[in-house]
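Trainee: Now for the letters of each chain:
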Amino acid sequence: MNTYTQPDKTGHFGAYGGRFVPETLMAAITELEEVYEQSKNDPEFQRQLSYYLKQYIGRETPLYFAENLTKLAGGADIYLKREDLNHTGAHKINNTIGQALLTQKMGKKKVIAETGAGQHGVATATVCALLKLECIIFMGEEDIRRQKLNVFRMELLGAKVISVSQGSGTLKDAVNEALRYWVANVDDTHYIMGSVLGPHPFPVIVRDFQSVIGNETKRQYSEAVHSLPDAVVACIGGGSNAMGMFYPFIEDETVKLFGVEAAGHGLNTPLHASSLTKGKPGVLHGAFMYVLQNEDGQIQEAHSISAGLDYPGVGPEHSYLKDTNRVKYTSVTDDEALEALAMLSREEGIIPALESSHAISYGLKLAKEMEKGTGLVICLSGRGDKDVETVQSLMGGSEHE
Amino acid sequence: MNKLTNALEECQTKQEKAFIPYIMAGDGGLDRLKSQLLFLENSGATAVELGIPFSDPVADGPVIQQAGIRSLKNGTTLKDVLKKVMEIKNDVNIPIILMGYTNSILAYGLKEFTTDCLQAGISGCIIPDLPLEEEAIFSSIKTAGIVLIRLVTLTSSQERITEITAGAEGFIYAVTVKGITGARDAFGEELGGYLKKVKEISPVPVLAGFGISTPEHVRDAIQYCDGVIVGSKIIECFETGKEDRIRDLIQASKGLVQK
Numbered sequence: 304m305n306t307y308t309q310p311d312k313t314g315h316f317g318a319y320g321g322r323f324v325p326e327t328l329m330a331a332i333t334e335l336e337e338v339y340e341q342s343k344n345d346p347e348f349q350r351q352l353s354y355y356l357k358q359y360i361g362r363e364t365p366l367y368f369a370e371n372l373t374k375l376a377g378g379a380d381i382y383l384k385r386e387d388l389n390h391t392g393a394h395k396i397n398n399t400i401g402q403a404l405l406t407q408k409m410g411k412k413k414v415i416a417e418t419g420a421g422q423h424g425v426a427t428a429t430v431c432a433l434l435k436l437e438c439i440i441f442m443g444e445e446d447i448r449r450q451k452l453n454v455f456r457m458e459l460l461g462a463k464v465i466s467v468s469q470g471s472g473t474l475k476d477a478v479n480e481a482l483r484y485w486v487a488n489v490d491d492t493h494y495i496m497g498s499v500l501g502p503h504p505f506p507v508i509v510r511d512f513q514s515v516i517g518n519e520t521k522r523q524y525s526e527a528v529h530s531l532p533d534a535v536v537a538c539i540g541g542g543s544n545a546m547g548m549f550y551p552f553i554e555d556e557t558v559k560l561f562g563v564e565a566a567g568h569g570l571n572t573p574l575h576a577s578s579l580t581k582g583k584p585g586v587l588h589g590a591f592m593y594v595l596q597n598e599d600g601q602i603q604e605a606h607s608i609s610a611g612l613d614y615p616g617v618g619p620e621h622s623y624l625k626d627t628n629r630v631k632y633t634s635v636t637d638d639e640a641l642e643a644l645a646m647l648s649r650e651e652g653i654i655p656a657l658e659s660s661h662a663i664s665y666g667l668k669l670a671k672e673m674e675k676g677t678g679l680v681i682c683l684s685g686r687g688d689k690d691v692e693t694v695q696s697l698m699g700g701s702e703h704e
Numbered sequence: 009m010n011k012l013t014n015a016l017e018e019c020q021t022k023q024e025k026a027f028i029p030y031i032m033a034g035d036g037g038l039d040r041l042k043s044q045l046l047f048l049e050n051s052g053a054t055a056v057e058l059g060i061p062f063s064d065p066v067a068d069g070p071v072i073q074q075a076g077i078r079s080l081k082n083g084t085t086l087k088d089v090l091k092k093v094m095e096i097k098n099d100v101n102i103p104i105i106l107m108g109y110t111n112s113i114l115a116y117g118l119k120e121f122t123t124d125c126l127q128a129g130i131s132g133c134i135i136p137d138l139p140l141e142e143e144a145i146f147s148s149i150k151t152a153g154i155v156l157i158r159l160v161t162l163t164s165s166q167e168r169i170t171e172i173t174a175g176a177e178g179f180i181y182a183v184t185v186k187g188i189t190g191a192r193d194a195f196g197e198e199l200g201g202y203l204k205k206v207k208e209i210s211p212v213p214v215l216a217g218f219g220i221s222t223p224e225h226v227r228d229a230i231q232y233c234d235g236v237i238v239g240s241k242i243i244e245c246f247e248t249g250k251e252d253r254i255r256d257l258i259q260a261s262k263g264l265v266q267k
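In order, the protein sequence lines correspond to chains A and B.
My numbering applies: residue 304 is where the first sequence begins, and numbers increase by one.
My numbering applies: residue 9 is where the second sequence begins, and numbers increase by one.
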């Protein structure tokens, strides 16, 4: 493969990406782009970032050889990248700490963010407490009802949680409302986008901050096995853990990359979140990318058992990597993910997040098909503590709400 | 020549200010469209901004969001709207500007959209999530003679205003609040200076919009520019049956002699 240089200067990954935002935000995203470019080459910024990644978040995270899982699969050696061991329990904080430091650098005092299940909200509220930034989290009223504990967690951390009743009261509406708030308060506020979504430069910034996952994995794998892995698997909602994992491997042609979307109740039902498989290109939340939409271009509701994958679009870079066939995108149903969660808990003593369970499920299938002696890395993007209640109600046979 | 550009030139010749109301297509059913357009035409509006409902309208405040939701619940699609406008085009004279989000047009198909707009006699489009940087994807709309209205805002730098107004068509939509559409109690202090600045730079008429809801707002704004756009208030008036208030707003725009 040639050197990978996406996106271009205007923030386009091939046809995807761009900056489809109201004019009011153009000044803010241009400023963000400038400050971010400076920060990349600013040793002091990089030193601060490394310090917090190590001392506060607890990086690096292990690349763990899952021996029991490997035996069970009977094919490739399976390694788990343990992003669940980060402070706050998922990969989300890799990005929020970076963007919170950018906020300080821009001299802004206030941070807003959207959250679905609450993971990105908690990761944002956490770094805002640390860096003494005012924090407002937008969350759909439906999600607030489903994730009461995470709402309380954010409030404990000093954040204000705003209930969004507009539209369908879920994640995409929380993004809309956060964008509206940002338009009105752009002078003193930074929007910490939680995934590789939104207008340029967000998809680049989030990818770069999350690339610590792939960079560590590459080095750790090489130290352990003295080669590159044969395949890498990650789950995809908006796509941030996958992009962070894949990006350092994109030019390594021998490494097969697999992104796993949520198939919900199944791709033949309307209840899924497989934007790359079942959606078509369109503009949502500032970027041209694959989105779930009807013929009239109205954005449709996504469905997944895991709130973190429950978003009707996938970031522009993934859209590009799909069209260029560099990454293979596939999907896993709610039931398969649940099964994988239980399986990993029993086999390895690790309860994965429902999001990550999608990657585990597909990874196990893939490992079975791969030859012995080959190596497979699965990104274990978060821990499952937050999902235990959901899982209990489903496995206990009682109807979920 | 473009009907909208003509109407704006006529305003300038008559030394009048332009008044462009916004209505949401399909709010109350598309059958209501003809009578609404005729009412606005007969009340002295210069042109009409016709909103296309979208599931995720990030530039809109609560009133227009709700109108969009009502319209979508009625099953309104962009196809239906253009079909209806085509049907009534011989009865309605007022220039029509579509205001819709990028994705509605992409999903329709750019080529079909342009053809159907021409057939329906649409004069222009306002696409609030399409900044200058991305405008090229819709260049065929402009080539077809439909004007693509550009927006400037309080956060646009002088340099950027110059860039945006250069080559602008129809009019410049000067957003008068940092924020989304919807009524405000008062304008920010920067408003007058900002509108003056835009007016000095722009080769085409400058119309102020967002947050204009009272005759006082209208009178304030038109001291500095060529006219106003009123959205949320118009929707509210139609919704609550207070059409005479719409007349008051339009009258306010006519009442002031050019200084």
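For the record, the hints were derived by calculation from the structure and aren't laboratory data.
Hints may be right or wrong, so weigh each one.
Claimed, not checked - With a straight-line cut-off of 25 angstroms between C-alpha atoms, the simulated PhoX-like cross-links for lysine-lysine are:
hint: 1; chain 1: A; residue 1: Lys408; chain 2: A; residue 2: Lys343
hint: 2; chain 1: A; residue 1: Lys581; chain 2: B; residue 2: Lys87
hint: 3; chain 1: B; residue 1: Lys262; chain 2: B; residue 2: Lys81
hint: 4; chain 1: B; residue 1: Lys250; chain 2: A; residue 2: Lys412
hint: 5; chain 1: B; residue 1: Lys92; chain 2: B; residue 2: Lys119
hint: 6; chain 1: A; residue 1: Lys583; chain 2: B; residue 2: Lys87
hint: 7; chain 1: B; residue 1: Lys119; chain 2: A; residue 2: Lys581
hint: 8; chain 1: A; residue 1: Lys463; chain 2: A; residue 2: Lys451
hint: 9; chain 1: B; residue 1: Lys204; chain 2: B; residue 2: Lys22
hint: 10; chain 1: B; residue 1: Lys186; chain 2: B; residue 2: Lys204
hint: 11; chain 1: B; residue 1: Lys207; chain 2: B; residue 2: Lys11
hint: 12; chain 1: A; residue 1: Lys408; chain 2: B; residue 2: Lys81
hint: 13; chain 1: A; residue 1: Lys343; chain 2: A; residue 2: Lys374
hint: 14; chain 1: A; residue 1: Lys463; chain 2: A; residue 2: Lys408
hint: 15; chain 1: A; residue 1: Lys675; chain 2: A; residue 2: Lys521
hint: 16; chain 1: A; residue 1: Lys581; chain 2: A; residue 2: Lys521
hint: 17; chain 1: A; residue 1: Lys521; chain 2: A; residue 2: Lys413
hint: 18; chain 1: B; residue 1: Lys11; chain 2: B; residue 2: Lys262
hint: 19; chain 1: B; residue 1: Lys11; chain 2: A; residue 2: Lys583
hint: 20; chain 1: A; residue 1: Lys583; chain 2: B; residue 2: Lys81
hint: 21; chain 1: B; residue 1: Lys42; chain 2: B; residue 2: Lys92
hint: 22; chain 1: B; residue 1: Lys22; chain 2: B; residue 2: Lys207
hint: 23; chain 1: A; residue 1: Lys581; chain 2: A; residue 2: Lys343
hint: 24; chain 1: A; residue 1: Lys583; chain 2: A; residue 2: Lys374
hint: 25; chain 1: A; residue 1: Lys463; chain 2: B; residue 2: Lys262
hint: 26; chain 1: B; residue 1: Lys92; chain 2: B; residue 2: Lys22
hint: 27; chain 1: B; residue 1: Lys119; chain 2: A; residue 2: Lys413
As the list claims (entries may be wrong) - Covered by chain B, according to a simulated footprint, are these stretches of chain A (three or more residues, beta-carbon under 8 angstroms):
hint: 28; stretch: 372-379
hint: 29; stretch: 639-653
Ideal Cβ placement from N, Cα and C applies to all residues, glycine included.
Trainee: Going straight from one Cα to the other, do Lys581 of chain A and Lys343 of chain A come out at no more than 25 angstroms?
Mentor: This hinted pair is violated, its Cα atoms lying about 36 angstroms apart.
Trainee: Does Lys87 of chain B lie within 25 angstroms of Lys583 of chain A when you go C-alpha to C-alpha?
Mentor: Holds, at about 19 angstroms.
Trainee: Next pair to validate is Lys675 of chain A with Lys521 of chain A; report whether the Cα-Cα distance is within 25 angstroms.
Mentor: holds (20 angstroms)
Trainee: Do the alpha carbons of Lys463 of chain A and Lys451 of chain A lie within 25 angstroms of each other, as the hint requires?
Mentor: Status holds; Cα separation ~14 angstroms.
Trainee: Starting from Lys581 of chain A, check that the Cα of Lys521 of chain A is at most 25 angstroms away, please.
Mentor: Violated, because 32 angstroms separates the two Cα atoms, which is more than 25 angstroms.
Trainee: Does Lys581 of chain A pair with Lys87 of chain B here, judged by a C-alpha cut-off of 25 angstroms?
Mentor: Status holds; Cα separation ~23 angstroms.
Trainee: For the pair supplied as a hint, Lys408 of chain A and Lys343 of chain A, confirm whether the alpha-carbon distance does not exceed 25 angstroms.
Mentor: holds (12 angstroms)
Trainee: Lys186 of chain B and Lys204 of chain B: Cα distance at most 25 angstroms?
Mentor: holds (17 angstroms)
Trainee: So if I understand the rule, the pair passes when the alpha-carbon distance is 25 angstroms or less; does Lys119 of chain B with Lys581 of chain A pass?
Mentor: Roughly 24 angstroms between the alpha carbons, so the hint for Lys119 of chain B and Lys581 of chain A holds.
Trainee: Just to be careful, I want the Cα atoms of Lys262 of chain B and Lys81 of chain B compared with a cutoff of 25 angstroms; is the pair within it?
Mentor: Violated. Lys262 of chain B to Lys81 of chain B sits at ~36 angstroms, over the 25 angstroms cutoff.
Trainee: Are there three or more residues in the stretch 639-653 of chain A whose C-beta lies closer than 8 angstroms to some C-beta of chain B?
Mentor: The restraint on the stretch 639-653 of chain A is violated, since only 0 of its residues have a Cβ under 8 angstroms from chain B and three are required.
Trainee: Lys207 of chain B and Lys11 of chain B were given as a pair; does the straight-line alpha-carbon distance stay at or below 25 angstroms?
Mentor: holds (22 angstroms)
Hints 3, 4, 12, 13, 16, 17, 19, 23, 24, 25, 26, 27, 28, 29 from the earlier list are contradicted by this structure; the remaining hints agree with it.
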